[in-house]
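A.B. asks: Could you build all of it, start to finish, from the sequences and the hints given here?
Residue numbers (this note's numbering), protein chains in the order written: chain A, 1 to 312; chain B, 1001 to 1173.
All clues stand as given, with none of them false.
Quick list of simulated restraints, FRET-style, between CB atoms:
| no. | chain 1 | residue 1 | chain 2 | residue 2 | range |
| --- | --- | --- | --- | --- | --- |
| 1 | B | THR1034 | A | ARG40 | 28 to 38 Å |
| 2 | B | PRO1169 | A | LEU52 | 41 to 51 Å |
| 3 | A | PHE39 | B | ARG1163 | 51 to 61 Å |
Reference listing, derived: stretches of chain A covered by chain B, where coverage requires no fewer than 3 residues with Cβ under 8 Å from a Cβ of chain B:
| no. | segment |
| --- | --- |
| 4 | 15 to 29 |
| 5 | 55 to 66 |
| 6 | 139 to 146 |
| 7 | 176 to 187 |
By construction, these hints were calculated from the structure, which means they are not laboratory data.
Cβ atoms here follow ideal geometry from the backbone N, Cα and C, with glycine treated the same way.
Chain by chain, the residues run as shown.
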Amino acid sequence: MAGIDHAPPPFFKRGPAPLALLTFYVAISLALFVVDLRFRSLDLLRQSIALLVDPVQRVAQTPGSLVDYAANYLQGMRELQHENSELKHAQLNTAPNLQRLLQLEAENERLRKLLAVKEREKANGQVAQILYTARDPFSRKVIVDKGQQSGIVAGQPAIDEAGVVGQVTRVFPFSAEITLITDKDQAVPVQIVRSGHRSVVFGLGNGQLELRYMPANADVQVGDILVTSGLDSVYLPGFPVAKVVNIERDSAYSFARIFCVPVAGVENFGEIMVLDPRQPLPPAPPESAGRGGDIGDKAALRQKKKRAAKSN
Amino acid sequence: MQPTFSSSRILLPVRPWFIFFSLIAAVALNFLPTAHWPGMPDWVALVLCFWSVREFRRVGMGWAFILGLLMDVADGSVLGQHCFAYVLLAYVSTSLSRRLLWFPLAQQALQVMPLLFGAQLIQALMRLAVGAEFPGWSYFIAPLIETLLWIPATFVLLLPQYRPVEQDPDRPI
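C.D. replies: Following this line, the structure appears as structure tokens:
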């Protein structure tokens, strides 16, 4: 009995009590949840974990893509020939327009210069391959194979051969996450081609879109095509977004319920083009200066000049 | 031959690397493209629940938290969503473990069902509370399938611990 040790023998050591541990982990989880959702300041943590997880995820996706590849490879010769001739036909159909496009663009540029309107932005981008759909069942997102290494930044729009697909929302070192326009509350400012009305189209989460904030008597018809209006500084104007399929006009509400389907193959796999970010818009005019944009700026200048002239 | 406290079959001690391997395998299974099929089970929840019942000294809330973080990033969901659900799952299954193993397998599965269902429900509630879209009822089929998988999972995950049926009389253990 050299010295009585009051600490329990080491084989009874079990760490903190389970309830204390539970409280600790639950607190951390909830803190992560709130911080990630509200402040979006955990991107570095997410990126570093993604760097670990991403290779494994890509490997896990290989069997599926191999099957796809095999199916493509074994696709009948006939089918390919048919597709080829159809594509040639389509190319011939669009050839007159395409061949004159260069000349038209040049003419447009010259006319815009004559009118002293700001030049139209050119759409450039890079092609990216959709790797897989994000597993989260609560949202609609896809992962593409280009990331920070290719200079992708959050906010870039993505299109396919038919129209707008979505927008880059998170960027990882070697991949990027694109939120589809059908995701709930993903909004795209649009314009109706036929009437020129501007509005915002929202994803519904079930593969459809809804055109909101249109009065019940608005001039919208089934079959109308919606294109991006370019009023945000994200999407260039003129890309097709959706097509109106159903209109519910109920006089009890002040707004019509207008349902649309996306024009692009939003839920398909394949290749998409991630467009370069737009040039930043000119700074917003001061509050009193009118409705905004270039014209607002100029109007403000003119008003100032007038005032100056009057005071003289 | 169900190895419980009441059965006479004695299991070999578990190998830590096998627990680690099975959890990583579950994560890999979750990454497969089949995860988009309706009613596909959440393998991580199942394996985590199994080990926290069987080996609560080795697998507990710490593992649940780390795996949850991995799944959150891999899924593209909000960070903390899987962490929260898995930590609660690990805690409850650990506290139930002393009772659970006295039952035959089918009744174990029945008792595990509310836990797995709860883990799924918590995630849905967390996301719906902050305005996500409703994922559809097929989302809640997954825990039922996980419950059915409890019996084969028990067999597979305990496989390395079974001792040979015919024993050498010279080596009793």
